[in-house]
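Residue numbers (the UniProt record's numbering), protein chains in the order written: chain A, 1 to 96; chain B, 1 to 96.
I should point out that these hints are in silico values taken from the structure, not numbers from a laboratory. Accuracy of the hints is not assured; some may be wrong.
To be verified - Under the rule of at most 20 angstroms between Cα atoms (straight-line distance), these lysine to aspartate or glutamate pairs were calculated in the DMTMM-like manner:
# : chain 1 : residue 1 : chain 2 : residue 2
1 : A       : LYS78     : B       : ASP44
2 : A       : LYS85     : B       : ASP60
3 : B       : LYS78     : B       : ASP44
4 : A       : LYS78     : B       : GLU80
Computed from a predicted structure; not experimentally measured.
Protein chains: 2
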Amino acid sequence: MLVLVTYDVNTTDDAGKKRLRRVAKECVKHGQRVQCSVFECLLDASQCKTLQAALCRIIDLSKDSLRFYYIGNHYHTKIEHFGVKAGYDPEGTLIF
Amino acid sequence: MLVLVTYDVNTTDDAGKKRLRRVAKECVKHGQRVQCSVFECLLDASQCKTLQAALCRIIDLSKDSLRFYYIGNHYHTKIEHFGVKAGYDPEGTLIF
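Throw the hints in and build the complete structure from the sequences for me.
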């Protein structure tokens, strides 16, 4: 199923910047970056739990936010895109 | 139906920062901010088209990115949240 992962990481300190990099790095392993803090991942239930656990270990639950949207298998008609396509360098210029 | 709106606005110049503020302002009229660049909107098809048109007028299609995810009416079981809840001041400290 398609799982959409969105996150906000509080980057007001260096520890936050590090968490942001680690969250992105973990998400890259599991799916496709479509926007700066938005990933689309094709996962089964078990893979999804693994990703959730990994991200929850990285983020600071008292400062950051993580959302999972379960879009299902018939997702092609459920997504519309406008503007530039994703092609982010996680280490590059910040675009949000 | 629940429509998820996510966006990336290129804020490398002042015009971009202005677009970002305008996009957020428009989204606030139509739904609930759940993360910095993520809104959940309860819209019918007509309202959704109106929002799309408004946002496409604001963004720079050659620089920014806008995605709509149609989550449907039975969305309560399709969303999971971890960490802090949303409560953003669009004019406040940037969290992404």
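Do the hints match the structure? See the list:
no.: 1; hint: LYS78(A) / ASP44(B); in the structure: holds, 14 angstroms
no.: 2; hint: LYS85(A) / ASP60(B); in the structure: holds, 13 angstroms
no.: 3; hint: LYS78(B) / ASP44(B); in the structure: holds, 19 angstroms
no.: 4; hint: LYS78(A) / GLU80(B); in the structure: holds, 19 angstroms
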